[in-house]
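Please arrange chain L on chain U, whose structure you already have, making use of the hints.
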Amino acid sequence: DQQVKQNSPSLSVQEGRISILNCDYTNSMFDYFLWYKKYPAEGPTFLISISSIKDKNEDGRFTVFLNKSAKHLSLHIVPSQPGDSAVYFCAASDRNDKIIFGKGTRLHILP
Amino acid sequence: DAGVTQSPTHLIKTRGQQVTLRCSPKSGHDTVSWYQQALGQGPQFIFQYYEEEERQRGNFPDRFSGHQFPNYSSELNVNALLLGDSALYLCASHRTGPYSNQPQHFGDGTRLSIL
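In the order they appear, the protein sequences are chains U and L. Per the working numbering, the first sequence starts with residue 1, numbered consecutively. Per the working numbering, the second sequence starts with residue 1, numbered consecutively.
Pulled out of the complex, with its shape left as it was, chain U reads as follows:
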């Protein structure tokens, strides 16, 4: 059973526009959520996180929104840049620090 779901395998966005990546989870014990970005032949790079006590966290061009009642989170990237083309993983953990990942969404930024 997949506890973290990213239902869009890929997404294409025009450069300069907003990219919105979505993620759903099923385990109500998750209290910490993360987004990682991965380029080919590299390990995942931590992007941004949010605690379950918040509903929004911003870091520069990246904002993560958390809707606990819907068990849904999203990552907004604005404006999108060519270097943002990568695979994005949504991840969640409970108090035990074990991270559960989604399958990833491949983001293509179009010129």
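Careful, some of the hints might be misleading.
[Stated by the list, open to error] Only pairs whose alpha carbons sit at most 27 Å apart, straight line, appear in this in silico BS3-like list of lysine-lysine: (1) L:K26 - U:K98; (2) U:K5 - U:K103; (3) U:K56 - U:K98; (4) U:K54 - U:K68; (5) U:K5 - U:K54; (6) U:K103 - L:K26.
Treat the hints as calculated values from the structure; they're not laboratory data.
Just chain L, lined up with the frame of chain U:
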């Protein structure tokens, strides 16, 4: 400030063999986690080491074992290799804190191919 380093980068083994993968955590980190990433999938949690003990384990058989050393570095051992063990093995580290979660930082992984 060195990040998480893993060795080797690539490895080719045959079925039934044994393999050891190594990881040095990011400076200041005391907790190491190992993940297996199959093609087209997200990383799957294997186990986590803290204070030289296995603190948590995912749904992996006993063929997968590990160790953490006093300097916080870690090894992942896999015995009796199967074709299905072919994957990217990722090591991640973080500092265990009493009050808040900390993000785990990943190495670039070891690509293991089983023939």
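Which earlier hints turn out false for this structure, listed by number in ascending order?
Structure breaks no hint.
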